[in-house]
Amino acid sequence: MVPEELVERIKSLLGDFAKEIKIWKNDYIEVEVDKENIEEVAKRMKEFGFDHVKDLTVVDYMKEGFFRIIYNLGSYDNFELSYYIVGIAYNIPRDKPVTKTLYYIYTSADFQEREAYEAFGITFEGHPDLRPVLLSPPVAELKPLRKDFVVKEDPEIIAKKK
Amino acid sequence: MPAKPVSKQVPSRGGIFSKFKGNIEAIAIGVKFFFNPQRFTLIYPKEYIKLKEGYRGFIVLRKDKCINCGSCARICPAAAMRLIRLPFTDPKTGKTRMKLWPIINYNRCIFCGYCVDVCPTEALYHVPYHDVVYETMDVMDLDLEEFQKEPEWDTEKQGLPVKYVVDEKMGLVKVRIKEEGEKQ
Amino acid sequence: MSGILDIIIKIITWPPLWQLIVLGLIVPLGVVIFILWFERKTAARVQRRIGPYHVSPKIAGGLQLVADLMRYMFQEVIIPKTVDKFPFIVAPLAALILSIVPVVAIPFTSIEAYFPIDMSYSLIISLALLTLSPLFIILSGWASNNKFSVIGGMREAYLITAYELVAVLAFLSAGAITGSFNLVDIVEAQSGVKWFIILNPLAFAAAFIGVLLSTSGFPFEIAESEHEVVAGAFTEYSGLVYGMNMGAAYLKRMIFSIMIAVVFLGGWKPYTPGEGFIAGYLVPSIVILVKATILMMIFSFFRAVYGRYRLDQALDIAWKILFPLAVLGFGLGLLEAYLGII
Amino acid sequence: MSGIIRTQGAQVGFNDLKLPGMWSRKIGKDLYEIFIGPQHPGSGHMRIVIRVDGDVIVEADPDMGYVHRTMEKLSEVRTWIKGIPLFERMAIHDACNVTLPYVRAVEKLMDIEAPERAKYLRVLLCEINRIAAFLYGFGIFGVFLGHSTMYMWPFGDREVWVELAEWLTGARLTHSYPVFGGVRRDVPAGFTDSLRKAIRYMRKRLEDYRKIFVDNPVIRARLEDVGVIPKNLAIELGITGPNLRASGVKYDVRLNHPYEVYDQLDFEIPVFQEGDAYARVWQRVEEIKQSLNILEQVADWLDKHPRTPILHDKFWKTAPPLYKKIFEETGRAKLGAVYAIMKVPAGKAYERAETARGEISYYVESNGGNKPYRIRIHSASARNALVYKYIVPGHRVMDLPAIYGSIDYFPPEADR
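Each protein sequence line maps, in turn, to chains A, B, C and D. The opening residue of the first sequence carries number 1 in this note's numbering; numbering runs sequentially from there. The opening residue of the second sequence carries number 1001 in this note's numbering; numbering runs sequentially from there. The opening residue of the third sequence carries number 2001 in this note's numbering; numbering runs sequentially from there. The opening residue of the fourth sequence carries number 3001 in this note's numbering; numbering runs sequentially from there.
These are calculated hints, taken from the structure and not from any lab test.
Once the Cα atoms are required to be at most 20 Å apart in a straight line, the calculated DMTMM-like pairs of lysine to aspartate or glutamate come out as:
| # | chain 1 | residue 1 | chain 2 | residue 2 |
| --- | --- | --- | --- | --- |
| 1 | B | K1008 | D | D3215 |
| 2 | B | K1052 | D | D3193 |
| 3 | A | K143 | D | E3076 |
| 4 | B | K1050 | D | E3159 |
| 5 | B | K1169 | D | D3208 |
| 6 | D | K3197 | B | E1168 |
| 7 | B | K1178 | B | D1154 |
| 8 | B | K1174 | D | E3159 |
| 9 | B | K1052 | B | D1154 |
| 10 | B | K1174 | D | D3193 |
Label pairs and their computed distance ranges (CB to CB):
| # | chain 1 | residue 1 | chain 2 | residue 2 | range |
| --- | --- | --- | --- | --- | --- |
| 11 | C | D2068 | D | G3369 | 54 to 60 Å |
| 12 | B | F1088 | C | A2060 | 55 to 61 Å |
| 13 | A | S136 | B | F1017 | 50 to 56 Å |
| 14 | C | A2060 | B | P1128 | 32 to 38 Å |
| 15 | D | D3313 | A | K11 | 36 to 42 Å |
| 16 | D | P3230 | A | N78 | 15 to 21 Å |
| 17 | D | E3328 | B | D1154 | 32 to 38 Å |
| 18 | D | E3328 | B | K1046 | 36 to 42 Å |
In this text, all values refer to a predicted model and were calculated from it rather than measured experimentally. Every residue gets a Cβ at the ideal spot worked out from N, C-alpha and C, and that includes glycine.
In isolation and in its complexed conformation, chain A is listed as follows (with noise of 0.2 Å):
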């Protein structure tokens, strides 16, 4: 099956939810909804053969104002489906990052929500069990995987002083 044959697919799939379908390097296919449809379009790509969430993504746009969300699908079962990874990304405003959990359609997402939870500060409505999973409470208050917080390496490649 090529990429093409897929977004075809998908696009029948997904009708007017799916906004913006990109394909990246042939084996990557990004679709872009909205943040009230993602439950829907959940339930229709996981009966479509997207059995499992790979991995979520948040990358925080710091100047654009937003953050993307990304649910990176993959299939085991389905050995067609299986070449290709769908992400279904949506934004959400950085100032209210608060969006709805798949976790009820995904059993997968379970801690990577939690992931981006302590990460970013995203609240995943609905989530049974939102707590930091890596970080200890005090320091996923910093949120440090968002642009705003600046990680300081010496960038210095010449010595001060021995």
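Starting from the known structure of chain A, fit chains B, C and D onto it as the hints suggest.
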């Protein structure tokens, strides 16, 4: 030829006989190794491994080859290699100019070897050993003079050199390397 | 001067004292140290390692155990605030003492002058004393006031109920064969090749496995399995007290081995005790101790081959396989007695 | 690290049971809370909080993050090449496998591909790493089950593969071997012979393992019907790697999304149906056998083909004569100065690879600068951690080490 999935099954549970056989086999192989242990342990301070050519050990600078490009400091993933500004007198022209020389801080070095690989003139090289003892952390931050010397290797003075050779029967075999004096 | 020496020798060789201090404590302690070394060396050989080495390369690391002992001696004994102090300290001591007490009821010779106590019911008495010490392990777990200790203590309780019962029942089958609880009679009945290991292999197997698992040596230390319960009942212990706990388990195993040697492996047979202290007492005890040591060596070989059973599986094996096996052994003993094989 | 203080449990205070000097709280009638880890020997730096009813676990809460090293954040402040030594610290005994998808993702963004010889060399090191990592897993598994011989043997045999990897790359564990556009060193002379010897040796040793560990009745009793992950649950939880295949799912990145030269090699993907801990052990044994097959084919290919450049032309064409001379003499491909200051075209790439513990995936986004804009890593162990939450309840306490070991969970990889 792509890979092909093949269904397999674990051996069946078996009855009391296979349990008995399993016990006997386990004890038998234990006894076998009890009488023939096939060991290849390195008795470290008394023996040491003479590592192969190309081992990424400590890094030494050949100052005469260095062209002061700074690539090594730029690529260093651990920020162990830094540049230092020192006067340099050109032997041909006799002029003295300030130049950038690399120095290394072994507190930070991860021995990835990028600096050696990126050096356009092979001014840096690895010595094939890694067990060097420093007394304090300050000493590990080398200056330009120390960076040009090969670090002192105490292990060599205390033990006998061995090397490990892959073997079909034993896995690895410890082979004693004859020192130069012993050959005659 | 020689009079005093005589008196001292007399006191030392007074059978109860001799048996308790020398045969019960000093010799087993030496054997345990040897066995610990042997166990580490055996495991090392099977595992393609060298094992203890650097402490004394010339005698294959033999002094490693002494070094370990020194470390335990000089380690700080920490008694946490949360523990119940009196039982916390007393329990390991009591366990240690109780695990060597049974030795006074075991005859090391057939000559009556060298019996520490009356031997008529010695099999029963020694078994009864042997099964006392685990209670104090449970107590020390309880006194530690720690989750892991309590769990470890509970596991210990489960295992002991199961395996010591099996071991005791298997030992009693010797009584069934001979019709006597007198260990001297039991040994004397095993003349020639009629050792009870040959006459009653079922009981021997049950006793062997029962002892192996009830003394919880590695890897059958289900009660102390470090991946779930840290060190079981001994979690809060440190220093010498911890070492005592560990030593008690090995001492108990040693005493059990002596019991097996006496009951199943013919005691001092094929040697016949003669006149005097040396021929009548010392030599037969050495024979028994050597047999027991060989048994200990076999026990310790298994650590290299096996893994740890799960608690419920271990109990399953005890109740479903070993207990019937021990009962069968008992029945076999009765049958042999009826047929008059002895 | 979730912190034990939970909001849900706040209604009961911390000294609820009035035990002197001890933090205690009621968690429910007849329930007992045990902390497995984080400083237990063997379990690594990870804690599982379990609640038990008698001997049966009713709730398990994996508490990860004790070795979290903020790799995703650190990679954003470092140049592209510095990501390679950084990411390989996720699982240093599996270094080539965990860094390869990152390298490939960046290659995708740059629209370059490694030369064929470099691809074979990558596969070579990947499989050596895979075997070594499996053996490491076996060793840890042996510790968990109290089987001390199975702890020592695989660690000893792993030394063979580590030795080979050291000969090839110059470092025992942290190889930093693949770089953008190729690999750093060619095989040394005599390497393939030693490799073949090691392969034959390993095949023989697997039989020894079977006798003392896999077919040992005590071990079988511990593992059979323990930690069963049914196929549909495995898919739902997104379990990965050998654990997934042991549950009957035919999924392996080398099969479904072949990378490097895996589509040209002849090997099998073993799939077991049972899904219990014992099947997972067999799965790993079979995978070692297949890795040995792959290594044999790679050794044959390397023997047949003479030394050709192992870096992409983009980097190798402009290389000075000294570089080429050193490559001819020692097989060391020196890196151009461009690596240090490289810029990667803007775009997104998603790349994955099959590591010893399962699938690792990298989402790499570049905005055209000399540093990544966002790298999201999701490693195999992080995905397998869900097993503790969903599979462990219902088992006995002593089953937990068996499940932990059979999952082959590696905390540093999960915590990133």
